[in-house]
Amino acid sequence: MLKLLGAILLLSAALVTSNPTKRARRSIDLKDALSHMNDFYLPRAVIPNSYRLKLIPNVDEGQFKGHVWINVTCMEATDTIVLHAHEDLNISQSTISVKQISADGEARVSEAVMKIKNTSPSIHELSVSGTKKEIAKQWYIIMLAESLKKNTMYEVQLNFLGQLNDEHNEGFFRGYYVDSKTQQKKWYAGTQMRSTNARRVFPCFDEPALKATFDISVGAKRKYHVWSNMPIKDTEEMPEDTAWLWHHFQTTPVMSTFSAGVFVSDFHYATFTGDSFQEGYLRVSARPEFLGQLEAAEKVLSESLTFMQNILDVPYPLMKLDLVAIPDNQTYFPDDLWGLLIYKESDLTGEGSLWYIARDVAAQWIGHLTTTYWWSDSLINVAITEYLAQEINDFRKYKTFHYEDLWDSLTIQGRNDETLPEDIRVSDIAKSWISKERYPFITVTRDYEKNTAQVKQQIFLRERPHDISGRDMVWYIPLMYITPDNLNASVPRPKAWMKNQKEVTVQNLPDKDQFVIFNPEETGMFLVNYDEKNWELITQYLKDSLQGKKPNVPAATRGKVLHDAWNLAFGGELSFATALNVSEFLKYETDDYAWDRMLTMFDHVGRYMDGISVGKKFKDFMIQLMNEAIINLDKSKPSEALLITKLQHQSESINPPIYNEQEQALYKDWIETQDPHKICDYTSGPPKGMAPICQAFKQGTMEEYEAGLQHTINMMKKVPGGECQIVVKYLIGCPRQPEKIERLENKPDLWTAMVWDSVIRLITREDYDMALELYTAHKGQFGVAEPTIENALKKIKAESEWTEVVLPIMEQWLDKHLGYHEKSDETTEKQ
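Just so you know, the sequence shown maps onto residues -18 to -1, 1 to 813 in mature numbering (1 follows the signal peptide of the UniProt record, and there is no 0).
Among these hints, one or two may not hold up.
[As the list claims (entries may be wrong)] Below, computed lysine to any residue pairings styled on SDA-like, alpha-carbon distance capped at 25 Å: (1) Lys115 / Ile653; (2) Lys601 / Ile636; (3) Lys132 / Thr178; (4) Lys413 / Glu327; (5) Lys203 / His250; (6) Lys131 / Arg26; (7) Lys477 / Gly396.
To be clear, the hints were calculated from the coordinates, so they are not data collected in a lab.
Sequences are here, hints too, so could you generate the full structure?
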């Protein structure tokens, strides 16, 4: 039974474990939808196999330098290699090299763990034509003069410099303690790579799914010891400075970038072995004065390791496990590194400290050996490791253990806590969620005379055209709600359950003049829709409560209501008029949580409706809403002062720059530029930035538009298939005038780019008719892009049919609330 539990635990983690070539992405991920994270995935044309990483931290001076060799496989022919690199990391462009190290087509995905030797066989060195940074995505793009070949292996070399972080424990940080005898500062340095901090230390493929092996070498002064994920293989003097030593570590198993780590200090340490870990060693390290306080930690470390190996029936995959205690008050996450647990000293002395160790030992399996595909999935691993930590402590206390499987254990606990009905098992709940790629929403339709509600669940589909598959999906859904008489959602108790049922009836709801809010504080991963009257009750209560007339709904629930309303509106399940009505409480909102939800949605709406009349009116509404909120906020309160600054900044950034003489001059300079890399580098702001150029394409004359279009085509031809493609896709989406779009008929070079951009920007019936006319006039001339164009047209048609219905409703609401009709009537009377 013990091994069965272990198998279930690893399977649970593996359900969200990475496989970049096979893992099916979720169609709807609410966290991704909020933050547009999908835009930040690295391209999968090139994936890493292994890293050889050399780091030289100058701990005393606060800098570091390094060199990385990355062995990669080309999965699709491409002339760019896209890595992650933080903007503060200084990469030497002149030293970048890319070498082919296998015969054409010889690399296979199944051979992804190929160790880099000190000298890789070079078949052919490729010429690097340039590099580019995309600051927002923290991408570093290497552009090549020729394309990489599919299923072929290459070695990418880069040199880099950086500063050790004195302010936060992020990336490569440093700290110090004061020696009790000499009263001198003693420096130490370490890494914290999670969640996306590896890119602060070295250029890499910094996503959990992109695993590789690591050969790590660290150069340090002789007075320092060095720790890393693996045991030291050997040390040697640095030829250029014998006061320094190279510490070369053994090759790691395949792991994510966040699992890699190093630590450099003069700490003392004690080494021992665990009962079932005779092949390797355990070690605790700390400043001399604190090392003696780690005796209990040594015992827990050993027992936890033994327990985990027994329960999972999977040997600890590394040859050692280090525990290091640092004298720091900043937050540190010990489970971030594989084989190297770094704690604050205070975390190892207080009550519950031994539980932390047990949890973080569990994470050596659940979190490193199995790794989530993306950060939004990681809470599953957190839940499993915290559960295991509790069981480890029970094991230490009673010395015996009898297990059911994980789901049964949680079922029993739920019944003990009286949170789970007798006829429901956790296994049934879990299976209904983890086996599906999508999420549901529920619709609550109240009967105000009987104080009941019909609750219906269905799949949530936000993007159009709506796929009809999966309409019959059902989930186990706990139905929790708050009312004006019970606003406390901190201890949610389900009033009823949807047990794989399409509809259920909820009894004993409040009177007809009181709202209900289901799924408060987003306890479950589902949206909630209501009948029109309940939306009105919620909206009015939020306005009243924020003006001090009634008790407040918790801020997290206010944000959740806003999030649900706008996502449901975009999914076609709720009127935009209702979503706009709900948003009006923000003029009295003092907490930035709800505002952050709205600003995220505003960014989405603004880009979606850019260039059409309702888009301009929506911007006016947002400016008005933010201005009213600023008036109502109290700048003497620090939290509200910060929100005022945020809203002022957002309000100022809403309106695009006017196409004035300054913009015209920038556009003229851009037209006269002959360097394609300057044309296509839009990451560093004007005059290289694209905003002024887009304004010229939108508002400039036809002659200016034609000149810019042809200039872009000419530059694109000089860098075929490279960086200019991105710029072209951006620029051709800027104008909306039919006469400018029609000019594309004679620009076949731009058709494919136009298709990709049209999917995002063309949403009205006029847009669809214009795109269809262009396609019909040139049908058969698009080559391999023909199916892509046909699919894009289907999407544009579905989007235009939807906007024909919803945009007039939204515009009518905005006209009424912004007073546009009244202003128009006043103008007419004056005339």
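Structure-based check of all given hints:
{"no.": "1", "hint": "Lys115 / Ile653", "in the structure": "22 Å, holds"}
{"no.": "2", "hint": "Lys601 / Ile636", "in the structure": "7 Å, holds"}
{"no.": "3", "hint": "Lys132 / Thr178", "in the structure": "28 Å, violated"}
{"no.": "4", "hint": "Lys413 / Glu327", "in the structure": "41 Å, violated"}
{"no.": "5", "hint": "Lys203 / His250", "in the structure": "16 Å, holds"}
{"no.": "6", "hint": "Lys131 / Arg26", "in the structure": "14 Å, holds"}
{"no.": "7", "hint": "Lys477 / Gly396", "in the structure": "15 Å, holds"}
Of the numbered hints listed earlier, those contradicted by the structure are 3, 4.
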